[in-house]
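Number of protein chains: 2
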Amino acid sequence: MKDWSDRYAARAQGMGASEIRELLKLLDQPDIISFAGGIPDPALFPRAEIAEAHARILNDPVKAGAALQYSASEGYLPLREWIVGHMVSRGVACAPDNVLITNGSQQALDFIAKLMVDPGDTVLVSRPTYLGALQAFNAYQPAYDLLPGPDNNRSAESYRGGSAKLKLGYAMPEFQNPTGLSLDLAQRRRLVEDADALDLVLIEDAAYEQLRYDGEPQPCLLALDAERAGGIDLARTLYCGTFSKTIVPALRLGWIVGPKAVIQKLVLVKQAGDLHSGTLNQMVMHEVASRLLRDQVARICDVYRKRRDAMLDALKHSMPQGVTWTHPEGGMFIWVTLPPEVDGAELLRRSIAEARVAFVPGAAFHADRSGRNTLRLNFSLASEATITEGIGRLGRLLKAS
Amino acid sequence: MKDWSDRYAARAQGMGASEIRELLKLLDQPDIISFAGGIPDPALFPRAEIAEAHARILNDPVKAGAALQYSASEGYLPLREWIVGHMVSRGVACAPDNVLITNGSQQALDFIAKLMVDPGDTVLVSRPTYLGALQAFNAYQPAYDLLPGPDNNRSAESYRGGSAKLKLGYAMPEFQNPTGLSLDLAQRRRLVEDADALDLVLIEDAAYEQLRYDGEPQPCLLALDAERAGGIDLARTLYCGTFSKTIVPALRLGWIVGPKAVIQKLVLVKQAGDLHSGTLNQMVMHEVASRLLRDQVARICDVYRKRRDAMLDALKHSMPQGVTWTHPEGGMFIWVTLPPEVDGAELLRRSIAEARVAFVPGAAFHADRSGRNTLRLNFSLASEATITEGIGRLGRLLKAS
Numbered sequence: 000m001k002d003w004s005d006r007y008a009a010r011a012q013g014m015g016a017s018e019i020r021e022l023l024k025l026l027d028q029p030d031i032i033s034f035a036g037g038i039p040d041p042a043l044f045p046r047a048e049i050a051e052a053h054a055r056i057l058n059d060p061v062k063a064g065a066a067l068q069y070s071a072s073e074g075y076l077p078l079r080e081w082i083v084g085h086m087v088s089r090g091v092a093c094a095p096d097n098v099l100i101t102n103g104s105q106q107a108l109d110f111i112a113k114l115m116v117d118p119g120d121t122v123l124v125s126r127p128t129y130l131g132a133l134q135a136f137n138a139y140q141p142a143y144d145l146l147p148g149p150d151n152n153r154s155a156e157s158y159r160g161g162s163a164k165l166k167l168g169y170a171m172p173e174f175q176n177p178t179g180l181s182l183d184l185a186q187r188r189r190l191v192e193d194a195d196a197l198d199l200v201l202i203e204d205a206a207y208e209q210l211r212y213d214g215e216p217q218p219c220l221l222a223l224d225a226e227r228a229g230g231i232d233l234a235r236t237l238y239c240g241t242f243s244k245t246i247v248p249a250l251r252l253g254w255i256v257g258p259k260a261v262i263q264k265l266v267l268v269k270q271a272g273d274l275h276s277g278t279l280n281q282m283v284m285h286e287v288a289s290r291l292l293r294d295q296v297a298r299i300c301d302v303y304r305k306r307r308d309a310m311l312d313a314l315k316h317s318m319p320q321g322v323t324w325t326h327p328e329g330g331m332f333i334w335v336t337l338p339p340e341v342d343g344a345e346l347l348r349r350s351i352a353e354a355r356v357a358f359v360p361g362a363a364f365h366a367d368r369s370g371r372n373t374l375r376l377n378f379s380l381a382s383e384a385t386i387t388e389g390i391g392r393l394g395r396l397l398k399a400s
Numbered sequence: 000m001k002d003w004s005d006r007y008a009a010r011a012q013g014m015g016a017s018e019i020r021e022l023l024k025l026l027d028q029p030d031i032i033s034f035a036g037g038i039p040d041p042a043l044f045p046r047a048e049i050a051e052a053h054a055r056i057l058n059d060p061v062k063a064g065a066a067l068q069y070s071a072s073e074g075y076l077p078l079r080e081w082i083v084g085h086m087v088s089r090g091v092a093c094a095p096d097n098v099l100i101t102n103g104s105q106q107a108l109d110f111i112a113k114l115m116v117d118p119g120d121t122v123l124v125s126r127p128t129y130l131g132a133l134q135a136f137n138a139y140q141p142a143y144d145l146l147p148g149p150d151n152n153r154s155a156e157s158y159r160g161g162s163a164k165l166k167l168g169y170a171m172p173e174f175q176n177p178t179g180l181s182l183d184l185a186q187r188r189r190l191v192e193d194a195d196a197l198d199l200v201l202i203e204d205a206a207y208e209q210l211r212y213d214g215e216p217q218p219c220l221l222a223l224d225a226e227r228a229g230g231i232d233l234a235r236t237l238y239c240g241t242f243s244k245t246i247v248p249a250l251r252l253g254w255i256v257g258p259k260a261v262i263q264k265l266v267l268v269k270q271a272g273d274l275h276s277g278t279l280n281q282m283v284m285h286e287v288a289s290r291l292l293r294d295q296v297a298r299i300c301d302v303y304r305k306r307r308d309a310m311l312d313a314l315k316h317s318m319p320q321g322v323t324w325t326h327p328e329g330g331m332f333i334w335v336t337l338p339p340e341v342d343g344a345e346l347l348r349r350s351i352a353e354a355r356v357a358f359v360p361g362a363a364f365h366a367d368r369s370g371r372n373t374l375r376l377n378f379s380l381a382s383e384a385t386i387t388e389g390i391g392r393l394g395r396l397l398k399a400s
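Just so you know, the sequences run in chain order E and G.
For what it's worth, numbering that gives the first Met the number 0 labels the leading residue of the first sequence as 0, then goes sequentially.
For what it's worth, numbering that gives the first Met the number 0 labels the leading residue of the second sequence as 0, then goes sequentially.
Hints listed in this document are in silico derivations from the structure and should not be mistaken for laboratory results.
One or more of the hints may lead you astray.
Each pair may be met inside one copy or between any two copies, as identical chains are not told apart.
[To be verified] Each computed EDC-like pair below joins lysine to aspartate or glutamate, with the alpha-carbon atoms no more than 16 Å apart:
{"hint": "1", "residue 1": "LYS305", "residue 2": "GLU328"}
{"hint": "2", "residue 1": "LYS164", "residue 2": "ASP5"}
{"hint": "3", "residue 1": "LYS1", "residue 2": "ASP198"}
{"hint": "4", "residue 1": "LYS305", "residue 2": "ASP150"}
{"hint": "5", "residue 1": "LYS259", "residue 2": "ASP195"}
{"hint": "6", "residue 1": "LYS1", "residue 2": "GLU226"}
{"hint": "7", "residue 1": "LYS1", "residue 2": "GLU286"}
{"hint": "8", "residue 1": "LYS259", "residue 2": "ASP117"}
{"hint": "9", "residue 1": "LYS62", "residue 2": "ASP40"}
{"hint": "10", "residue 1": "LYS1", "residue 2": "GLU156"}
{"hint": "11", "residue 1": "LYS398", "residue 2": "GLU156"}
{"hint": "12", "residue 1": "LYS164", "residue 2": "ASP144"}
{"hint": "13", "residue 1": "LYS1", "residue 2": "ASP195"}
{"hint": "14", "residue 1": "LYS1", "residue 2": "ASP232"}
{"hint": "15", "residue 1": "LYS259", "residue 2": "GLU51"}
{"hint": "16", "residue 1": "LYS259", "residue 2": "ASP2"}
{"hint": "17", "residue 1": "LYS305", "residue 2": "GLU383"}
{"hint": "18", "residue 1": "LYS398", "residue 2": "ASP96"}
{"hint": "19", "residue 1": "LYS315", "residue 2": "GLU388"}
{"hint": "20", "residue 1": "LYS164", "residue 2": "GLU48"}
{"hint": "21", "residue 1": "LYS305", "residue 2": "GLU51"}
{"hint": "22", "residue 1": "LYS398", "residue 2": "ASP183"}
{"hint": "23", "residue 1": "LYS164", "residue 2": "GLU286"}
Small disclaimer: the values here were computed from a predicted structure and weren't measured.
Just chain E, with the same shape it has in the complex (with noise of 0.2 Å):
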């Protein structure tokens, strides 16, 4: 068969590929400094306690006999235990047939939206937001608006009327995926609030938030909607948990949080889409986020908050009038706003050209493809120098433009 186009389902015209993909092709290129991606350092990866957490289970013949074996699609009991604790910590009080384990938060936002989005649903994300969301929600076919919140103050009657069902709203609240900035807790009630007024299920993404370098913990999201719905039964809000930015990304491991009754769905959606998570792969987990989990946080939070540092050092020293940028308080990135005229995309073919440098042009993290005159820095894999160097060479070529 020579042509298959006509053999694909009408969802896969919004499967494009990831432009952040493409770029992470250039890390293998020795002489780029990359602030593309949103890798951690493998640096700061617990290698030895993971090396012995496998060890352990593996010559042990009882548990290497369940760590190799099927399991159940709602995941390792004992993993789902320890993110109970973790989320009362949080502020949440669950049980673990609130919790889900899921192939990193990825598969979770695919998966919710696959239990909720019909085609034309409405579902109302934050202008910039997270590209993976946008990829995940795409193949269920919805229309895109804009979530209520600092920058948007539209009032929940705007957006009724119309013959669209709202459906979802996804929100970031710590550190958000690009632009590294947090909601404070009027903006989180108001939040909860407007997605009540609107009747929306709420899609927390907490990817980033243990990794604060800065200021005061904030409640999660589903902490305040619990507190007014009365119970996490009751709630409208579900959480996504990762430890792919806490100990390490290739373990293929994040959590849904949300009601009984709907979590049970999602096990559905995860049996029929791949049976369930690594068991021995949780089973390491459960023992290495047990041991260290608070520790190694503390760890890379450490590392981290110097090389932000080091990148908004450079940021002042470097880049010229007309350029203006984020200041987060924790997570990996910084969000730069160049002058109207500068086309992210364009600059970048030029930097990695002329200077050597990649980054995400912004474009790629609005829905409506606007933006086009921001970029996303990554500061979590480089070291200090390198930031330095990077942003120094990134600052002439604007400056020479």
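Since the structure of chain E is provided, determine the placement of chain G on it from the hints.
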């Protein structure tokens, strides 16, 4: 929010809990002899080799850095290269760009349907067919019709004229789950020709292909189709393989082999779905499969062959008149047909209560819920003595009915 039922997408209507999954919970009761499930015997897992591969990778800082980091959506290149060699040995000339790594073949079935099936499109399946395939497909709201095959003499013409779009055909040519039956060479050629005549995309589910205890290996459908079409990139067959039945299930690794253009689209589905399969898992599987797949397959075939023979013997000695069963050359299952008046689900309830024997009633494997007087028996998990005892009990129950 109390009632989420009006939030779910239309596709959620087709998502039901697996009867097999509910039955698997019975395995926890020690006095139940379970012939339910499709689970390999964990005593046969190559535990030591898997432990050694983990240690080799994780004790090497460079390898470990890669093994624990994000990686490419299409999968770990050396594993894809190994799969190319494996497929060549099955008569399929292909390249790494023809291979996508998935989380077991369940994810392969989900992704293919996600890429291909619009609501109302027709998917052709056997009667009976694999329950997990129906679960994967149901989320995309197909109509089902009967796949051309030995029990279905409908002409290609008879499928035409309806308003629904014939989209996919799904076949498991070796040791089908649930019947254990295989297609002979003539039947395979005929199926590939029929798929061409009907202009179908053909999914070849090769999950049990390597578990052959008697008889000669047959060419896979993809090999015959590529031969017909003039090369894999012109074929209309997507081959789904897995390590779950030969090495271990819990590393969650399978693969799709097909035309490059389709694999490229499936890579986008993978990227939006869960970014990539576990990197460490893929590196470990590459080492383990390269070193011992052939020996491992020989070892498990020796054990499973004896268990199949024990079950066939026990059926012959224990079943009353009017009960018939298949004689598979491989795989994990024997399919039993009861007298027409016996209901498999009702028999299961009685069997658990009175005989303490579990199996899967056959109706679950029928898209049209027919086959009520059938049941599936698994012979890969229990010992020969347990098989003899369990089939004896089941036979006494049936004779007493």
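Consistency of the hints with the structure:
1. LYS305 / GLU328: Result: close within a single copy only, 12 Å intra versus 63 Å inter.
2. LYS164 / ASP5: between (29 Å within a copy, 11 Å between copies)
3. LYS1 / ASP198: Cα proximity of LYS1 and ASP198: across copies only (12 Å, versus 47 Å in one copy).
4. LYS305 / ASP150: neither (29 Å within a copy, 69 Å between copies)
5. LYS259 / ASP195: Answer is neither; intra-copy 19 Å and inter-copy 46 Å both fail.
6. LYS1 / GLU226: between (57 Å within a copy, 15 Å between copies)
7. LYS1 / GLU286: Cα proximity of LYS1 and GLU286: none, with 50 Å in one copy and 36 Å across.
8. LYS259 / ASP117: neither (22 Å within a copy, 30 Å between copies)
9. LYS62 / ASP40: between (31 Å within a copy, 14 Å between copies)
10. LYS1 / GLU156: Cα proximity of LYS1 and GLU156: none, with 51 Å in one copy and 23 Å across.
11. LYS398 / GLU156: neither (45 Å within a copy, 69 Å between copies)
12. LYS164 / ASP144: within (11 Å within a copy, 33 Å between copies)
13. LYS1 / ASP195: The answer is between: 12 Å across copies meets 16 Å, while 50 Å in one copy does not.
14. LYS1 / ASP232: between (51 Å within a copy, 8 Å between copies)
15. LYS259 / GLU51: The answer is neither: 34 Å in one copy and 40 Å across copies each exceed 16 Å.
16. LYS259 / ASP2: between (45 Å within a copy, 12 Å between copies)
17. LYS305 / GLU383: Within one copy only: 7 Å inside a chain, 63 Å across chains, cut-off 16 Å.
18. LYS398 / ASP96: Classified as neither: same-chain Cα gap 56 Å, cross-chain 42 Å, threshold 16 Å.
19. LYS315 / GLU388: Classified as within: same-chain Cα gap 13 Å, cross-chain 78 Å, threshold 16 Å.
20. LYS164 / GLU48: Neither way: LYS164 and GLU48 sit 48 Å apart in one copy and 53 Å across, limit 16 Å.
21. LYS305 / GLU51: Neither: 30 Å inside a chain and 38 Å across chains, both beyond 16 Å.
22. LYS398 / ASP183: Neither. Shortest intra-copy (35 Å) and inter-copy (71 Å) distances fail the 16 Å Cα cut-off.
23. LYS164 / GLU286: So LYS164 and GLU286 fail the 16 Å test inside a copy (43 Å) and across (50 Å) alike.
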